Structures are given as C-alpha cells and as structure tokens.
Amino acid sequence: MRTIIILSGIVIITSLAGCMNQKELTINQNLNTNWQFRQVGAEQWLPATVPGCNHTDLLANGKIEDPFWRMNEANLQWIDKLDWEYKTIFQVKPQLLIKDRVMLDFQGLDTYAEVSLNGNPLLTADNMFRQWQVDVKDILLPGDNELRILFRSPITEGIKKYDALDYVIPVSDNDMAKHGQVEGDKKVSVFTRKAPYHFGWDWGPRLVSSGVWRPIVLKAWDQARILDLHLIQKSVSEQSATLTAVFEVEAEQSTNATLEIVTDGQILHADEVALKPGAHTYNVDFTITNPKLWWTNGLGEPHLYTLTGKLITQTGAHSRTERIGIRTVELVRANDEYGTSFTFKLNGIPVFMKGANYIPNDIYPTRVSDDKYRRVIETARTSNFNMLRVWGGGIYENDLFYDLCDEAGILVWQDFMFACAMYPSDKQFLDNVRLEAIDNVKRLRNHPCIALWCGNNENLAAWLQWGWKKQAEAKGQAVADIIWQGYTDLFHHILPEVVAEYDSGRFYWSSSPSTGEGKPSDLAHGDEHYWRVWHGRDPYETYADNIGRFMSEYGFQSFPALPTVQEYALPEDYGLLTDVMKAHQRSYIGNEAIKQYMLRDYQEPKDFESFLYVGQVLQAEIIRFAVEAHRRAMGQCMGSLYWQINDCWPVASWSSMDSSLRWKAEQYFVKKAFEPILISPFMIDDNLKIYLVNDHLCTLKGNLSLRLLDFNGKQLWQKTIPTEVPANAARVCFETQRPALLNGLDDTSIMLIAEWVENDQVLADCVYYFRKVKDLNLPNPEIEYDFKKGTDGFEITLKSQQLAKNVYLMIGKEEGFFEDNYFDLLPGKAVTIDLKTTMNKDQLEQAFSLRCLPSAF
1 MRTIIILSGI
11 VIITSLAGCM
21 NQKELTINQN
31 LNTNWQFRQV
41 GAEQWLPATV
51 PGCNHTDLLA
61 NGKIEDPFWR
71 MNEANLQWID
81 KLDWEYKTIF
91 QVKPQLLIKD
101 RVMLDFQGLD
111 TYAEVSLNGN
121 PLLTADNMFR
131 QWQVDVKDIL
141 LPGDNELRIL
151 FRSPITEGIK
161 KYDALDYVIP
171 VSDNDMAKHG
181 QVEGDKKVSV
191 FTRKAPYHFG
201 WDWGPRLVSS
211 GVWRPIVLKA
221 WDQARILDLH
231 LIQKSVSEQS
241 ATLTAVFEVE
251 AEQSTNATLE
261 IVTDGQILHA
271 DEVALKPGAH
281 TYNVDFTITN
291 PKLWWTNGLG
301 EPHLYTLTGK
311 LITQTGAHSR
321 TERIGIRTVE
331 LVRANDEYGT
341 SFTFKLNGIP
351 VFMKGANYIP
361 NDIYPTRVSD
371 DKYRRVIETA
381 RTSNFNMLRV
391 WGGGIYENDL
401 FYDLCDEAGI
411 LVWQDFMFAC
421 AMYPSDKQFL
431 DNVRLEAIDN
441 VKRLRNHPCI
451 ALWCGNNENL
461 AAWLQWGWKK
471 QAEAKGQAVA
481 DIIWQGYTDL
491 FHHILPEVVA
501 EYDSGRFYWS
511 SSPSTGEGKP
521 SDLAHGDEHY
531 WRVWHGRDPY
541 ETYADNIGRF
551 MSEYGFQSFP
561 ALPTVQEYAL
571 PEDYGLLTDV
581 MKAHQRSYIG
591 NEAIKQYMLR
601 DYQEPKDFES
611 FLYVGQVLQA
621 EIIRFAVEAH
631 RRAMGQCMGS
641 LYWQINDCWP
651 VASWSSMDSS
661 LRWKAEQYFV
671 KKAFEPILIS
681 PFMIDDNLKI
691 YLVNDHLCTL
701 KGNLSLRLLD
711 FNGKQLWQKT
721 IPTEVPANAA
731 RVCFETQRPA
741 LLNGLDDTSI
751 MLIAEWVEND
761 QVLADCVYYF
771 RKVKDLNLPN
781 PEIEYDFKKG
791 TDGFEITLKS
801 QQLAKNVYLM
811 IGKEEGFFED
821 NYFDLLPGKA
831 VTIDLKTTMN
841 KDQLEQAFSL
851 RCLPSAF
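Note that the sequence shown covers residues 1 to 857 in this note's numbering.
Calculated directly from the structure, the hints in this document are not laboratory data. A few of these clues could be false.
Derived lysine-lysine pairs resembling DSS-like cross-links, with alpha carbons at most 30 Å apart [as the list claims (entries may be wrong)]:
#, residue 1, residue 2
1, K23, K442
2, K81, K161
3, K292, K345
4, K372, K23
5, K178, K469
6, K671, K292
7, K813, K836
8, K671, K689
9, K442, K276
10, K813, K841
11, K87, K99
12, K799, K606
Distance windows between CB atoms, simulated [what the hints assert, rightly or not]:
#, residue 1, residue 2, range
13, G713, G635, 37 to 43 Å
14, L661, T791, 39 to 45 Å
15, R537, D163, 37 to 43 Å
16, D775, R532, 23 to 29 Å
Note that the structure is predicted; figures quoted are calculated from it, not measured. We put the CB at the ideal spot given by N, CA and C, even for glycine.
With the sequences and hints as input, model every part of the structure.
Given below as structure tokens:
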C-alpha cells in the first residue's frame, strides 16, 4: 500500500509495502529457439533460424546457392511460388499458466500466415508490418507446446486478388514480375502488405521471401500491464518543459493503482488512478526543470532523457522505459518571394537539411546486424548529415535504427510503406493499412528523430505526371475513379487521420514529391525529386538551374569498388556488357548512362578496374555539384537529400556506400559538401562567384584567401578578402569575370585554391578547375608516402611536387577505413591520412597501393 502527498509541487511518497521492490507483474519468454521448417508437402524438416526467412534458411542448409553470387538470383524465383511451414516445441512452466493473462505476441510475420498452437487454429495474418497478439492461456499446456506457422505463397495469394479485379492497378516496372517468372507477368506486389522492394527495384534483386522476421514473445501478466506509454511535450522554455505521460493500461478488473514517471531513480510525478477493466488511457502531467534541448548533428548536443513509466498495484508492478528529446520541430509552409517554403524549424531555428535517402541494408532484413546499423548511422553522422529519409518501398525500420538516429542527432523523414504504385481500394485492404499505420506510429512516436510522416513515394507523380491517369481513363472513367478513390481514401484520409489521432504533434505530407494534397510537384511550392540528370540524360550542370524548395531525391550511379565486385563476380565477368554485370545493374539505362556521362567529362578509361575508379569519381563530382547548388540557394532551398546512402546487395547503384559498407568516392565528397562551412565557386557565362555557406548559428568573421596555382605549385595570383557571413546563411563573397581573373593564363594547367581563414586557422577550403577533367593537362606525378603507427591503425603521409588529382588509396580486400580518399593532393603540400585497421606494418606495406586520375586513361 502507498500514500502519495503532493504539497506545492513537491511529491512526497511513502511506502508501506516496499513498493520499489514489488514483484514484476509480467513475464516475457522469447520463442527464438528450436525452430524447423520445410516446403509444404516435403517429408524432411530442416533447422531454421527465427527471426529469419525461408531464403536464408535454405541457404544455411545448403539447399540453394548464394543469391548474390553472379546470376544465382534468377534461379531462385521458384521459392516464392510455394508454401512453407515452420514449427517449434517450447516449454511452459506451471507458474506462467497461473497468471491472469497469457498472450502470444507476433511482432512480425511475413506475410500470409496461418498459426496454430497445439493443433488449435490461432491466427490468420496478412500484413508484414503489423503486430499480432492472441490470448493463449486456455490452449497452453504445462511442459511441451507446439507452435506451427504455415506461410502461403505471396505470389499465389497476389494472383488470386489480381484475377478478382476486372481492371489492372497501375504499378511501376520496379515490380519485376517477368523476371520473377510470375504467371502472365502479373504485378501482384500491391495486393500484399509486404516490403515492396522484395519484388524488385531498379537497384535491388527480386527475392520474395516468407518467414518470421521479427520476434515472437510469450507474455504473461497479473491484474494489469502497460500497453503503451506516449510522452507528449506540451511546452518548453529555458526554465521548464511540461509534458504529459499517456499510459495505456490494460486491466483485468477494477482496481486502484499508482502511475509514476521516474528518471535517474527520482520520481518526477505520481498519480493515484482507478483502473477500469479493459484497455484505457490515463494521463500523468509532469515537469522537467532547466531542460536540455535535443539538437541535430552540427548544431548542438542531441540530449536524451530516459523516462520510466511505472504501474503499481497491490500485487506488483509493471514498467515501460522510453527515451525522449525535448525539442520542437515544425515544417514551415509560408508564402515568400520564391513561392511556398518547405523549411524544417528545429527549436525555432530554420535548419538546412543535409543527408540522403535510406533503404533497407539487406534484401533480407533479419541479416542486418546491430553493428551494421551502427556503422551506417555513424557514416551519416561523420558525413555531417542531419536528416535521413526512410523511403517508402522498404520497411518500417527496427527500433535500433531510430535509437541510433536519436543519439546521433539525425532527423528522420519517415515514409509509410507505399511506393511507385497505386493500391487496392477495398475496405479490407484499407482497414488493414489503418491498423498497420497505428502499430508503427505508436511504436515510433516517442523518438525525437521523427520529423515528418509522409504518405508515399512518387505515387502521385506517377498518377499525374507519368501517364497513369490517362492510361486508366482509356480503360473507362469508372476505372480511373475507383483507382483514384483508393488513393484519396488511403493518403488523404486514413493515414493523416492516424497521424492526427496518435501523433498529433507531427506534420503529415501526403506524397513525395508534391506541392500538397493531390497537387503535383514543382520547383516553387513543395519537395522535388529531380531526375532529369540520369533518367533524362540532361547535363549535370542543370542541377544549378533546377532548384526546388526541398530536394528530397536526386542521384547518379556508380559501380562499387573492385573488392565488392569480387564478392559477386569472377574476372571473366568484368566488363559493362557481360551477363553478370548486367544482372547487377537494375537501371534500364544503367551502364550506358554511366559511360555517356563519363565521356562528357573524362577520357575513356583503359580497363575495367579503371572504369570502376573513374566512375566513382564521376558520381562523386556530380552529386557534389548538386549539393553545393542546393546549399548556395539556402533560403530558397532548405534541404538536400540525395539518392541513396546504402545498398541492399552488391550492385551498380546510386549509393554512396556499398553493401559491404565501403565508402565510395561520393561519400567522401558529400562529407565535405555538407561541412558546416562551405566554400563553393560557381561559374556561369564567364562570371565566377565564390559563395560562403555558414550553417553555424553565429556570424563568421575572417578572410577569404584566393590563389591561382599551376599544376607544379607556382603561385600566379593571390587575393585576401576580409569577409563576414551571417549566421545560417549563404553569401557571395567574391565575384569576377573569368577573362579578368585568368588574364591570359592557360586554363588547362591552373587551379583556384580558396580557403576560409579565422585566427590563422584554415576552417574550410576547396579547389576549382576551369576546364572539364578531360581537357586538363594533368601531370603524371610521383607520390611519396610513408607510414607511421597511429592510435587505431596508421597515419599515412603523402607528398607530391605536382598536382595529383583524385588520389585513391587502396588496401585490396583487407579491412580498414581511410578518413579521406579520392582527394586532390596539391603540389608541395604534405597531407596525412588516418587509416583505421588491425593490420601490422608489414601487412600494410604488402596491401597498400594508390593511383590518381592520369593513370586511369
């Protein structure tokens, strides 16, 4: 029994029953061992891993070859046409059965699943993204219990739904039905609430798996338990933050209880409540004094508070712990001189969003280790990102992903899982999606990293701008009306209603790209996916002329480095037109487009390995150009998220980091392009402007130092300009005409060095060339280097008496990470690069090599 006295805001708690030591009301038992699986109808059961899937289990048992190796993926399309069965025997102790309630919690079943327990039908599931809970107390037995799950073929189920309609729902060619040997090439992905990218994409394989992809937990409890704890920030000032903890409690009967909010062992507030039978919510208001705010990467500390909600009854206690950040995030949509703004404000400050689109890290999500998640988010943090967009063709990510973003100060643009398709409009489908949305909004809403909920990826653009609406109308206006009604029901009603009810403090954006509900994108009023570079084959310089209010997608491809290519190909497969290379290039214009763009700026590489190297530099330069164009337009444009940071298999793609987490040249370049202080020269019509971009929340005061050097290091011109740049702004700090600056100098052999200097320290720099690389008279430098043992590896010091352009440091297949790479080594200037590795010096000397651009031609 407890007594709580509240006097003048001071909480005094007394306990007559040692309540801090009361027994836990709940028991959780993970059912992750002793699993077996088989193809339905087969006699032999094989060992299985849960969480996992049928593909990874077949691979582990030696029944299929590695789907990523060469062209194996094409030979595995039979798997998704079959039904698969999983089973386990688990023990139940008598003390669990005497609990008031016992439930099985299925946190992720992929996808069409029929579940039975001890021979009793238990559950029929049809959504990969939902959680399913079933009471099982009356079915469980003391001792051994058998759980079976039958997974029906997602293709067979999809064909049934496809055939039941007398019209075809538009779907992009990312659904690779023909590649998947689906009957009649029917694109059935939209009928199944399953990760869309499993059915193929223009950067991924088509491997449609089934299985238990998130844990199954047996839960038992007495009297009452906390179903959910929602922590809502009401107001914040320097002195205090007021919050409400909304406890969702499920009680077996009417009883009195205490609800507490605890942090660092101290009770912030406690309330006595009268619990009602069933599931109900109870509010507890509390205050945090002198709050520390959560800030994005680069602006401040992403401070987190760990808060525990505690439910205490006479028979025991149940607790739930959440982490929050105290901050405000707004999406400002206001009329201005450019149109309508699309600006994220953090704690009242307009912040330029820097980052990338993010896809699942593997075609099989259960194979992604915690370490891989950490390395991806650490890459984003060290690359100066403050936002990632979780794209709508993948999965609602694991909790760890969002925890890491919370810790790194990286905001998340969160799509719902709909992409490049229209969807069914029947009530059963829409009701299913509503419950999916509720599950995931409730799961993620306490994370401070969540900035925005977005309904879909490119569905509206496809309908209005890709010709889908006209194609549907050609089949009859009634067909077009049905398809569009399904869109509006889903993205204009169901999803925004769920966000409004369960996460009302966050903004909902119906489709990316768009200018608002049902309105197509343009450069003046919303977010933009700019793909004229790449898909349209436009020169990459058009990035500077096509700047939207928020650039949420754009990109350019490259192959991964040779060590990653060797993970899926043999030497005889090397070449742009081999079957293996084409199988690991899913863009319909892929290798041809890379070569076309390459020859605009570079000479033709002399061999395949040189092509890989030059291709990465090309990708890096193009995306750097785009990022700098967006940042120079700060105010007009307030976000730049390139496509994409990661890969789900080894492939030629738009990623800046390949499937083995090797940084491509692009990752090194965007890291520099996203630095808080950026120098960005830009030439148009022979007029050179040098911009300084300042993301800091204070004015920059210093000197812009400019020098013209030839490729042998001779200084030809110099100028120092005292400059101030306001906080959070971009400014032109120097402007001149090209002829006046060059004054007759040979522009094929010179470069402009720009440095931002404060108190004799260089805080930012860049190198600008006046010609395309193929027109530069690049020297063949001799690069000297030596190794010195460092803290986590080696310090490598390099020096050359001539310009060495795009120096690429390599250690073959050895593990290691260079802090910088693909950089320009200026004549006469020594540069030291840290290499993190566990190699010793002898091993490093054997593995180390380098090259620069002239050697590739």
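Hint check results:
no. : hint                    : result
1   : K23 / K442              : holds (27 Å)
2   : K81 / K161              : holds (15 Å)
3   : K292 / K345             : holds (17 Å)
4   : K372 / K23              : violated (37 Å)
5   : K178 / K469             : holds (23 Å)
6   : K671 / K292             : holds (28 Å)
7   : K813 / K836             : holds (14 Å)
8   : K671 / K689             : holds (22 Å)
9   : K442 / K276             : holds (22 Å)
10  : K813 / K841             : holds (16 Å)
11  : K87 / K99               : holds (25 Å)
12  : K799 / K606             : holds (26 Å)
13  : G713 / G635: 37 to 43 Å : holds (38 Å)
14  : L661 / T791: 39 to 45 Å : violated (21 Å)
15  : R537 / D163: 37 to 43 Å : holds (39 Å)
16  : D775 / R532: 23 to 29 Å : holds (24 Å)
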